[in-house]
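K.L.:
Okay, here's what each chain looks like letter by letter:
2 protein chains.
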Amino acid sequence: MKGLSEREIIRILTNQFAHQSAIPLGFDDDVSGIPLSSKTWIIVKTDMLVGSTDIPPGMTVQEAARKAVVATVSDFAAKGVKPRALMVSLGLPAPVKNTTVQDIARGLDQAAREYECKIIGGDTNQANDLIIDIAGVGLAVPKTLIQRDGARPGDVVAVTGPFGRSSAGLKILLSKWKRDLAKYPSLVQAVHQPKARLAEGIYLAKSHVVTSSIDSSDGLAWSLHQIAKASKVGINLHTIPIPPDVKSFAKEHRLSALELALYGGEEYELVVTIKPERFDDLKKRVPSLTRMGLVEKESFGVIANLSGKRIQMKERGWEHFT
Amino acid sequence: MKGLSEREIIRILTNQFAHQSAIPLGFDDDVSGIPLSSKTWIIVKTDMLVGSTDIPPGMTVQEAARKAVVATVSDFAAKGVKPRALMVSLGLPAPVKNTTVQDIARGLDQAAREYECKIIGGDTNQANDLIIDIAGVGLAVPKTLIQRDGARPGDVVAVTGPFGRSSAGLKILLSKWKRDLAKYPSLVQAVHQPKARLAEGIYLAKSHVVTSSIDSSDGLAWSLHQIAKASKVGINLHTIPIPPDVKSFAKEHRLSALELALYGGEEYELVVTIKPERFDDLKKRVPSLTRMGLVEKESFGVIANLSGKRIQMKERGWEHFT
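Chains F and S are the protein sequences, given in the same order. Under the working numbering, the first residue of the first sequence carries the number 2, and numbering increases by one thereafter. Under the working numbering, the first residue of the second sequence carries the number 2, and numbering increases by one thereafter.
Since the hints were made in silico from the structure, they are not lab data. It cannot be assumed that every hint is accurate.
Since the list can't tell identical chains apart, any single copy or any two copies may satisfy a pair.
As the list claims (entries may be wrong) - Computed cross-link-like contacts, SDA-like style, restricted to lysine to any residue with a CA-CA straight-line distance of at most 20 Å:
1. Lys98 - Gly4
2. Lys230 - Glu299
3. Lys98 - Ser6
4. Lys119 - Leu140
5. Lys3 - Asp104
6. Lys40 - Val142
7. Lys40 - Leu140
8. Lys298 - Asn237
9. Lys119 - Ser39
10. Lys172 - Pro58
Because the structure is a prediction, the values reported are computed rather than measured.
Hey, can you work out the whole structure from these sequences and the hints?
P.N.:
Rendered as structure tokens:
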């Protein structure tokens, strides 16, 4: 039997809730908002890590717990909002070992320290799968929240870092290429120790020259498509930032480095559009910012002109149930 | 191998987080708080429903989804805080059927309507167990938050309804007493369609005469012990409100009705202490309020004097991993 896809599931849920009065950020956005006043919104995000599907081989429980927090923080980063507090809901298969809980506690604590937020509560349950569901809570001035629909023709399309390492690392971990674990440590590390671009996201939001933003956890191509669709524009890229280690790895295994960079996922960079005259200034303050192309007027989706070849990017990305 | 108990797991986690600056409500309280100002706190609660352990036989998926919301709302009720928004994190075993998602959506929506809160976002994942994790968010004026440590000698101990139906209903559902399904519909309904005492909790908090409060989801005896310990008082009961259907059921099956009422769980009443001179007034506005006994000065735990017999209540209740 073929089951529903993640997006089909979300459609059924949001249809059921459609009678509600409008919610500020919609169900599709990185985070949700609760207006307190015209000047303050509560920002909330939940992200669930599931043992059977989200923990690649070789990842420790401590790394998994840390990653659960990173995934939630990354969505705050995309909005330029600092998460102040985290709630942790755990599902643990019985019998539960002392060391497992210690590792989870250490991983959560490590991430909370990295992103300077506080763990304030949670819930512990017995389950048949390891579940680490993180709810983050923060505050935002609504007019400074970067949405997905603000990209305007002429804006620079940029990302906060290179792409492809997580996909390549995951291929190594899921394969029997044991030799590659030592040969490409940076690729494996990208999977085991991802980082959220929180400081960058907060700085970008404060700059007031970022016109749209999204985190790339569902993949670069997918994220670009979401900005293009929400903003009703086209995106035309001249570069995809693929680091040398990804290129060597791809060459060695006859894989497409471009595919690894475009259609991966769990890569927690920010994908943003920036007012063109301010890009260079911003780049000085956020050095990882990498120019990829331009926003155009027509809604042709996302294309890339790479070494004279025009590529139409598919709206495809990381999805559960596939 | 004997694994850790739920409370042992929580202890390891909270020890790891102990270096953090103090959190307003502590890890043991019904909800967590994030101070915004001296007048406003954000209140957050997450509660995870797990298919393999929290869904008794005969409960539909729609009822389970509704119950997941009830469990979160009940903790808000204990604090007298209205949950304004809900986030829903789902873990679903593949393949996912359309009807399963429809049922979950309907159950969530039904509960959101009952308690007048809005579902504003969430996360959907593939998992080996059905997971419905609900995060509720609300606002409170901190000085009106009813804590667990405010019970004073002379206060009336009261509950918002009778006890024992959920335990009795669960026994029916887990047994082969099929005949009892029809004979005791109110017991089965208590399990399948629990209700959170939100309106009552909000009214009680506004009255300013409730000195302590907790929800009884871990069992009546457990909840009373938490108030006694936090407030450093003793609780002396003269009545346990056990409804006639629980008494008949217990008699028929040679069970102790008192045990069913005291040591069950998943019964979402509020257990409160009230300034004695104001109990009668409050009872007029919250008719379900039932007087059970008095708070006393000495910390002797929780005792009951029932038909001339003195019973020392154990600090025992519903716990995962047992």
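K.L.:
Would you mind marking each hint as holding or not holding in the structure?
P.N.:
Verification of the hints:
1. For a Cα distance limit of 20 Å, the shortest separation of lysine 98 from glycine 4 across copies, 6 Å, qualifies, whereas the shortest one inside one copy, 34 Å, does not.
2. In the homo-oligomer, the alpha carbons of lysine 230 and glutamate 299 lie at most 20 Å apart inside one protomer (11 Å), although the nearest pairing across protomers, at 67 Å, exceeds that limit.
3. Taking the shortest alpha-carbon separations for lysine 98 and serine 6, only the inter-copy value of 10 Å comes in at or below 20 Å, while the best intra-copy value is 34 Å.
4. Taking the shortest alpha-carbon separations for lysine 119 and leucine 140, both the intra-copy value of 14 Å and the inter-copy value of 19 Å come in at or below 20 Å.
5. In the homo-oligomer, the alpha carbons of lysine 3 and aspartate 104 lie at most 20 Å apart only across protomers (19 Å), although the nearest pairing inside one protomer, at 36 Å, exceeds that limit.
6. For the homomeric pair lysine 40 and valine 142, the shortest alpha-carbon distances inside one copy (5 Å) and between copies (19 Å) are both at most 20 Å.
7. In this homomeric assembly, lysine 40 and leucine 140 come within 20 Å of each other (Cα to Cα) both inside a single copy, at 10 Å, and across copies, at 16 Å.
8. Taking identical chains as interchangeable, the C-alpha atoms of lysine 298 and asparagine 237 lie at most 20 Å apart only when both belong to the same chain, with a minimum of 10 Å there against 75 Å between chains.
9. In the homo-oligomer, the alpha carbons of lysine 119 and serine 39 lie at most 20 Å apart only across protomers (19 Å), although the nearest pairing inside one protomer, at 26 Å, exceeds that limit.
10. For the identical chains of this complex, lysine 172 and proline 58 are intra-copy neighbours only, at 10 Å inside a copy versus 42 Å across copies, given an alpha-carbon limit of 20 Å.
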